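S.K.: Sequence:
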Amino acid sequence: MDCIFCKIVAKTVPAKVIYEDDLILVFHDIAPSAPTHILFIPKKHIQSLHYIEEGDKELLSHLLLRIKQIAQDVGIAAAGYRVQTNIGRDGGQVVPHLHWHLLGGKKL
Numbered sequence: 069m070d071c072i073f074c075k076i077v078a079k080t081v082p083a084k085v086i087y088e089d090d091l092i093l094v095f096h097d098i099a100p101s102a103p104t105h106i107l108f109i110p111k112k113h114i115q116s117l118h119y120i121e122e123g124d125k126e127l128l129s130h131l132l133l134r135i136k137q138i139a140q141d142v143g144i145a146a147a148g149y150r151v152q153t154n155i156g157r158d159g160g161q162v163v164p165h166l167h168w169h170l171l172g173g174k175k176l
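Residue 69 is where the sequence shown starts when you use our numbering, and the numbers rise one by one after that.
If you're looking for bench data, these hints aren't it; they were derived computationally from the structure. A few of these clues could be false.
Restraint-style ranges between C-beta atoms, simulated for each label pair [stated by the list, open to error]:
| no. | residue 1 | residue 2 | range |
| --- | --- | --- | --- |
| 1 | 122 | 173 | 23 to 29 Å |
| 2 | 146 | 121 | 32 to 38 Å |
| 3 | 140 | 84 | 16 to 22 Å |
| 4 | 113 | 146 | 30 to 36 Å |
| 5 | 126 | 175 | 22 to 28 Å |
| 6 | 82 | 175 | 16 to 22 Å |
| 7 | 129 | 85 | 18 to 24 Å |
| 8 | 71 | 96 | 15 to 21 Å |
Derived lysine-lysine pairs resembling DSS-like cross-links, with alpha carbons at most 30 Å apart [stated by the list, open to error]:
| no. | residue 1 | residue 2 |
| --- | --- | --- |
| 9 | 136 | 175 |
| 10 | 136 | 79 |
| 11 | 112 | 79 |
| 12 | 125 | 136 |
| 13 | 111 | 75 |
| 14 | 125 | 79 |
| 15 | 174 | 84 |
| 16 | 112 | 84 |
| 17 | 125 | 75 |
| 18 | 75 | 136 |
| 19 | 125 | 111 |
| 20 | 84 | 111 |
| 21 | 175 | 79 |
| 22 | 75 | 112 |
| 23 | 111 | 136 |
| 24 | 112 | 136 |
| 25 | 79 | 111 |
| 26 | 112 | 125 |
| 27 | 84 | 136 |
| 28 | 174 | 136 |
| 29 | 125 | 84 |
These numbers were taken from a predicted model, which means no experiment stands behind them. C-beta atoms are modelled at their ideal positions from N, C-alpha and C, and glycine is treated no differently.
Just need the whole structure built from these sequences, with the hints factored in.
M.R.: This is the structure:
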């Protein structure tokens, strides 16, 4: 597979990992657009939010709960933060692997 995020999951491409478990991987964005810019990806390759299925409920709820926890852990929860996912080329999705951006550390 030619997916950069799948390569990061497979550890063939390095990343500054913050959190990892059986379902997800969380790491710093290499081109941050805010002082805090963290990416959350499922280890399972899903092209975008448009391609999720009923069986992905546990994965998605787990990922969203980790976003909340890590926002607290990195100290941006109290001031506020943005969570964003892009869907498809016209929606601004650059990497065709479902992912969320956690942005904070300044007024957005």
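S.K.: Taking the Cβ atom of residue 122 and the Cβ atom of residue 173, is their distance within the range 23 to 29 Å?
M.R.: 36 Å, violated
S.K.: Are residue 125 and residue 84 close enough, with their CA atoms no more than 30 Å apart?
M.R.: At roughly 27 Å apart (the allowed maximum being 30 Å), residue 84 and residue 125 satisfy the hint.
S.K.: Can you tell me whether the CB distance of residue 146 to residue 121 sits inside 32 to 38 Å?
M.R.: 35 Å, holds
S.K.: So if I understand the rule, the pair passes when the alpha-carbon distance is 30 Å or less; does residue 174 with residue 136 pass?
M.R.: Holds: residue 174 and residue 136 sit about 17 Å apart, inside 30 Å.
S.K.: For the range 16 to 22 Å, tell me whether the beta carbons of residue 140 and residue 84 fit it or not.
M.R.: Given range 16 to 22 Å: holds, Cβ gap about 19 Å.
S.K.: CA of residue 112 to CA of residue 84, is that 30 Å or under?
M.R.: 19 Å, holds
S.K.: Decide if the proposed pair is consistent with the structure: residue 79 and residue 111, CA atoms, cutoff 30 Å inclusive.
M.R.: Judged against 30 Å, a Cα distance of about 11 Å means the pair holds.
S.K.: Taking 30 Å as the top limit, are the C-alpha atoms of residue 136 and residue 79 close enough?
M.R.: 25 Å, holds
S.K.: Take a quick look at whether residue 112 and residue 125 sit within 30 Å of each other, Cα to Cα.
M.R.: 13 Å, holds
S.K.: Tell me if the straight-line CA distance from residue 75 to residue 112 falls inside 30 Å.
M.R.: 12 Å, holds
S.K.: Taking only the CA atoms, is the gap from residue 174 to residue 84 under or equal to 30 Å?
M.R.: 21 Å, holds
S.K.: If you draw a straight line from the CA of residue 84 to the CA of residue 136, is it 30 Å or shorter?
M.R.: Satisfied, since the Cα-Cα distance of roughly 19 Å is no more than 30 Å.
The structure fails hints 1, 5, 6, 21 (numbered hints given earlier, in ascending order).
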